[in-house]
Amino acid sequence: MLAGAFELARDYSKIRKSFGTEICNHQAIAFKLADMHLEIEAARYLVYKSAWDKDNGNNYDTSSAMAKLKASKVAMEVSVEAVQIHGGNGFVKEYHVERMMRDAKITQIYEGTSEIQKIVISRSLLKD
Amino acid sequence: MDFNLSEEHLMIREAARDFAKQELLPGVVERDNKQEFPKEQVRKMGQLGFMGMMVDPKYGGGGMDTLSYAIVVEELSKIDASSSVIVSVNNSLVCYGIEQYGNETQKQKYLTKLATGEALGAFCLSEPEAGSDATSQKTTAIDKGDHYILNGTKNWITNGGSADYYLVIAQTDKEKGHRGINAFIVEKTWDGFEIGPKEDKLGIRGSDTHTLNFNDVKVPKENRIGEDGFGFKFAMKTLSGGRIGIAAQALGIAGRSI
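Quick note, the sequences are listed as chains A and B, same order. Be aware that the first sequence starts at 37, since it is given in the working numbering, and climbs by one per residue. Be aware that the second sequence starts at -3, since it is given in the working numbering, and climbs by one per residue.
The hints are simulated quantities; they were obtained by calculation from the structure and are not laboratory data. Watch out, some of these pointers could steer you wrong.
What the hints assert, rightly or not - Calculated lysine-lysine pairs in the DSS-like style (CA-CA distance at most 27 Å, straight line): (1) B:Lys30 x B:Lys140; (2) A:Lys129 x A:Lys141; (3) A:Lys141 x B:Lys109; (4) A:Lys129 x B:Lys109; (5) A:Lys154 x B:Lys229; (6) B:Lys197 x A:Lys109; (7) B:Lys229 x A:Lys163; (8) A:Lys154 x B:Lys35; (9) A:Lys85 x A:Lys141; (10) B:Lys35 x B:Lys17; (11) B:Lys140 x A:Lys85; (12) A:Lys154 x B:Lys134; (13) A:Lys141 x B:Lys194; (14) B:Lys35 x A:Lys129; (15) A:Lys154 x B:Lys30; (16) A:Lys141 x B:Lys233; (17) B:Lys140 x B:Lys35; (18) B:Lys197 x A:Lys129; (19) B:Lys233 x A:Lys163; (20) B:Lys17 x A:Lys141; (21) B:Lys103 x A:Lys141; (22) A:Lys109 x B:Lys17; (23) B:Lys229 x B:Lys35; (24) A:Lys141 x B:Lys54; (25) A:Lys85 x A:Lys109; (26) B:Lys172 x A:Lys163; (27) A:Lys129 x B:Lys17; (28) A:Lys85 x B:Lys229; (29) B:Lys229 x B:Lys172; (30) A:Lys50 x B:Lys17; (31) A:Lys109 x B:Lys233; (32) B:Lys103 x B:Lys214; (33) B:Lys194 x A:Lys129; (34) B:Lys109 x B:Lys214; (35) B:Lys172 x B:Lys217; (36) B:Lys214 x B:Lys140; (37) B:Lys54 x B:Lys17; (38) A:Lys129 x B:Lys30.
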């Protein structure tokens, strides 16, 4: 089932074989999956925390900036790695991950670039 | 501190996941190739209540919390980030902006349609020379008593060609800096409102992104949001919530990891 870059990469790594075994059995791939999972989890907590802040009447200017900065960076990095894990197939449209890599980039740009999010975050740290 | 999602959140996640699988997955590669706007899918998302999730039910919304909204955007984005940005802009910028800061007349006239998906909204801040630097607005709205005259160009507007109602940020008094900026609700059908060609983009190619031109568009004063000079604050406050939507979109693209 298609569900984002990480899941596609994980599922693919359990099917695709090289050197006589599924590629997920190579540490080079397994460690990538571990890193991707870790980064997505970290991003998820920031995103849900910011939503929680908004729902609970807290100021969410900074938490939403942190959520967007982190999640968009993770989307970019994870989707690039997902293409890499797919090898040549990752470059082919029917495998979806190349689209996700292209789609990810805009999340670092629109509704405030990553640089603007850093301005928001740093200002909140430095105001008295 | 509870890291578990509530029963309600799990249910809404399941609904979004099913919808994405059944309605967004078919044709997602083709829509990307052809830059085809998911019109039918957006209509269905309106019926499901995804277009005005956080809006008060008395205006036709779902009355749900922000976490529910983030979860839905995340789920939709796992399959089709073009469709999810259409949802994100309509929910967290347009509906939120009008519900939070608009007056009752504006809510009755516009929000009720936007929240149900009967109409689609767009948020117009970026300009050729003012992207994230929102104080450098070159679009002007000159006060003519009972109306404003709007002139200028907005760039990279999501839902630019498909929206019905546009929240437009414009400068009303250059001398006043960020206090000389206002936000207006502009209807697509008004004279002088011109939609430029669709951008040919790297990604989210199913969403339609346009340049918009405003040539002496007459905007009734009752379509200004908030007190005179509120526009900059309006944009900043609204974008804070928008960031949660885009962060959820990014999370979905990265993919499930629970």
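Do the hints match the structure? See the list:
{"no.": "1", "hint": "B:Lys30 x B:Lys140", "in the structure": "violated (44 Å)"}
{"no.": "2", "hint": "A:Lys129 x A:Lys141", "in the structure": "holds (17 Å)"}
{"no.": "3", "hint": "A:Lys141 x B:Lys109", "in the structure": "violated (31 Å)"}
{"no.": "4", "hint": "A:Lys129 x B:Lys109", "in the structure": "violated (36 Å)"}
{"no.": "5", "hint": "A:Lys154 x B:Lys229", "in the structure": "holds (19 Å)"}
{"no.": "6", "hint": "B:Lys197 x A:Lys109", "in the structure": "holds (20 Å)"}
{"no.": "7", "hint": "B:Lys229 x A:Lys163", "in the structure": "holds (18 Å)"}
{"no.": "8", "hint": "A:Lys154 x B:Lys35", "in the structure": "violated (35 Å)"}
{"no.": "9", "hint": "A:Lys85 x A:Lys141", "in the structure": "holds (23 Å)"}
{"no.": "10", "hint": "B:Lys35 x B:Lys17", "in the structure": "holds (17 Å)"}
{"no.": "11", "hint": "B:Lys140 x A:Lys85", "in the structure": "violated (45 Å)"}
{"no.": "12", "hint": "A:Lys154 x B:Lys134", "in the structure": "holds (25 Å)"}
{"no.": "13", "hint": "A:Lys141 x B:Lys194", "in the structure": "holds (19 Å)"}
{"no.": "14", "hint": "B:Lys35 x A:Lys129", "in the structure": "holds (22 Å)"}
{"no.": "15", "hint": "A:Lys154 x B:Lys30", "in the structure": "violated (35 Å)"}
{"no.": "16", "hint": "A:Lys141 x B:Lys233", "in the structure": "holds (24 Å)"}
{"no.": "17", "hint": "B:Lys140 x B:Lys35", "in the structure": "violated (38 Å)"}
{"no.": "18", "hint": "B:Lys197 x A:Lys129", "in the structure": "holds (16 Å)"}
{"no.": "19", "hint": "B:Lys233 x A:Lys163", "in the structure": "holds (18 Å)"}
{"no.": "20", "hint": "B:Lys17 x A:Lys141", "in the structure": "holds (23 Å)"}
{"no.": "21", "hint": "B:Lys103 x A:Lys141", "in the structure": "violated (34 Å)"}
{"no.": "22", "hint": "A:Lys109 x B:Lys17", "in the structure": "holds (26 Å)"}
{"no.": "23", "hint": "B:Lys229 x B:Lys35", "in the structure": "violated (32 Å)"}
{"no.": "24", "hint": "A:Lys141 x B:Lys54", "in the structure": "violated (37 Å)"}
{"no.": "25", "hint": "A:Lys85 x A:Lys109", "in the structure": "holds (17 Å)"}
{"no.": "26", "hint": "B:Lys172 x A:Lys163", "in the structure": "holds (24 Å)"}
{"no.": "27", "hint": "A:Lys129 x B:Lys17", "in the structure": "holds (18 Å)"}
{"no.": "28", "hint": "A:Lys85 x B:Lys229", "in the structure": "holds (23 Å)"}
{"no.": "29", "hint": "B:Lys229 x B:Lys172", "in the structure": "holds (14 Å)"}
{"no.": "30", "hint": "A:Lys50 x B:Lys17", "in the structure": "holds (22 Å)"}
{"no.": "31", "hint": "A:Lys109 x B:Lys233", "in the structure": "holds (23 Å)"}
{"no.": "32", "hint": "B:Lys103 x B:Lys214", "in the structure": "holds (20 Å)"}
{"no.": "33", "hint": "B:Lys194 x A:Lys129", "in the structure": "holds (22 Å)"}
{"no.": "34", "hint": "B:Lys109 x B:Lys214", "in the structure": "holds (22 Å)"}
{"no.": "35", "hint": "B:Lys172 x B:Lys217", "in the structure": "holds (19 Å)"}
{"no.": "36", "hint": "B:Lys214 x B:Lys140", "in the structure": "holds (9 Å)"}
{"no.": "37", "hint": "B:Lys54 x B:Lys17", "in the structure": "violated (30 Å)"}
{"no.": "38", "hint": "A:Lys129 x B:Lys30", "in the structure": "holds (13 Å)"}
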